[in-house]
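Asker: Sequence:
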Amino acid sequence: QHDVQELNRILFSALEHSLVGTSGSTFIQQLYRATIVNSIVCKECGNITQRQDFLHLTACVCGLSNLEDALWNMYCINNCLNFINKCPFSFHQTSGEECDYSYELFSVIIHKGGCYGGHYHVYIRDVDELGQWEPHEEEYKPKCPKKTKEEVKIDTCEPKLHEDDPLSVITTIITQEPSKSVLLDQLGQKLMDKIGSSWSKKFRKHHGPIGKFLQSHNDVFMLVSNGSRVALKANPPSPVTKPPSPAEQTSPSRPSSPTETRDPEPKDKQGSHWFDLNDSTVTPIRESDIEKQFQGKESAYMLFYRKTQLHRPREALHNPQYKVPLHLTQMAHEENNKLQKMREEFEAVNNTVELRLHLALNYRLQNGALQPVTKEQDCSAALSFDRRRTVGDLRLAIYQMQELWEGDMALTVAKSLPAGLHLSNTLTGGMITDKMERSITAAYLMAVALFTDDGVSLCGAGIHTNTDLFVWNGKEVCGVTIRTGSEWEPVLLTVVRLS
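499 is the number that the UniProt record's numbering gives the last residue of the sequence shown; the numbers go up by one with no jumps.
Pairwise CB distance ranges, derived in the manner of DEER restraints: (1) M331 / F304: 22 to 28 Å; (2) S225 / Q189: 16 to 22 Å; (3) E163 / S225: 24 to 30 Å; (4) G113 / L359: 54 to 60 Å; (5) K112 / H464: 32 to 38 Å; (6) Q340 / K475: 44 to 50 Å; (7) G196 / S107: 47 to 53 Å; (8) L328 / G113: 31 to 37 Å.
Simulated from the structure, these hints should not be mistaken for lab results.
Ideal placement from N, C-alpha and C gives every residue a C-beta, glycine not left out.
Required output: the full structure, derived from the provided sequences and hints.
Answerer: What follows is the structure, encoded as structure tokens:
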């Protein structure tokens with residue numbers, strides 16, 4: 001297993017090798033390769049060192065506290081094998097450094113774990129603004145100063161909350177939030193904190209689910225932040241509140257609120273947003289979060305810089321395919337399609353269950369259990385099915401397999417006992433009746449299934465591989481009523497007679 005620095009070195013070497021003979025053959029060399037020119041002369045033998053190319057520098061850190069100590073090491077002369085002090089540059093500089101370029105941080109690779117294992121993730125600056133950056137939840141909450149006596153009086157004069165009116169309750173909750181919006185997954189908890197009762201207990205019976213209630217009152221509420229927050233249409237949330245005018249500041253009639261006295265936040269410059277890429281999760285972060293990654297078990301491992309003089313053109317903004325060659329884009333699409341197909345095949349194989357179907361016409365009730373009419377042959381039929389599909393899909397598939405089937409069709413999980421098969425629980429859903437003509441189409445059957453309670457998946461119904469399913473009309477077998485459930489399960493008794 002290679003760490004990220006070794007991977008970086010192998011990647012650069014592979015790229016440089018693949019670009020040989022092309023117009024970009026010197027690309028890696030121009031960007032990353034450098035040369036050390038040492039003019040170290042040994043006074044003992046007169047040997048002079050040679051220049052050395054490098055892609056990375058190695059520094060000994062064992063027993064040392066900083067980089068300067070690591071570079072203040074002893075250099076071995078190959079000719080006479082003596083050691084001399086080596087320092088590639090002077091640490092004490094009296095004049096300003098001459099540099100034609102300045103650099104800014106572009107990306108940080110972070111390692112979490114120890115010396116023998118761990119996990120990598122990366123912070124990266126979105127220079128082309130390809131991502132959708134939103135501030136954290138706590139950033140919506142401004143720091144409010146302590147209320148004055150006059151403000152307390154105004155608050156106490158507010159009208160009393162109508163706890164029996166859900167519209168009034170939710171409106172009050174949103175209005176009292178500093179951001180003038182509430183996360184949808186926190187609205188139920190805030191409502192319980194406000195009135196002391198949950199939505200399901202107080203309002204669901206008459207107004208339905210809380211999400212449906214918000215949709216039915218779209219003239220009052222609106223969804224923001226990609227549907228994750230709810231706000232009032234009459235007072236939409238605004239990240240920057242306009243500061244009050246001088247006349248408003250001196251007016252004694254109304255005290256200014258904390259949001260009114262806040263200075264407007266400076267607008268973020270282009271490409272200043274950062275993201276944390278952690279496997280399949282991408283989350284927005286602040287630049288200040290990078291400072292937290294220089295200590296503890298989760299630390300910055302590699303830092304990447306880019307020239308500050310490099311300015312991205314307007315054509316590159318929000319365009320992930322900017323200046324990417326067409327053949328590389330097509331290659332990426334082809335690889336993605338292959339991976340998607342492989343994943344679908346893997347998911348299909350991983351979710352396929354083998355079912356054993358037992359048709360009622362092959363069984364009869366005997367001694368409290370279902371026995372096959374003909375014991376010389378196996379009465380079960382094998383069926384491979386995707387457990388992600390619904391009970392209705394399975395019912396339709398079996399119905400289409402049995403072209404001669406007439407009447408209702410019920411699917412019941414069967415349990416194999418010494419006495420025979422016992423039916424435990426019937427899968428929830430409607431039944432296909434004999435009122436449907438035999439010329440009925442599969443599309444119509446699918447439409448019928450949509451209006452039944454067959455929407456539960458096989459996995460959710462507890463169906464696993466090698467499950468026995470009994471296919472019958474749900475009432476009787478060969479004219480005999482069948483009792484189902486664990487309370488009617490036959491019991492095998494072993495009687496021991498004492499001599």
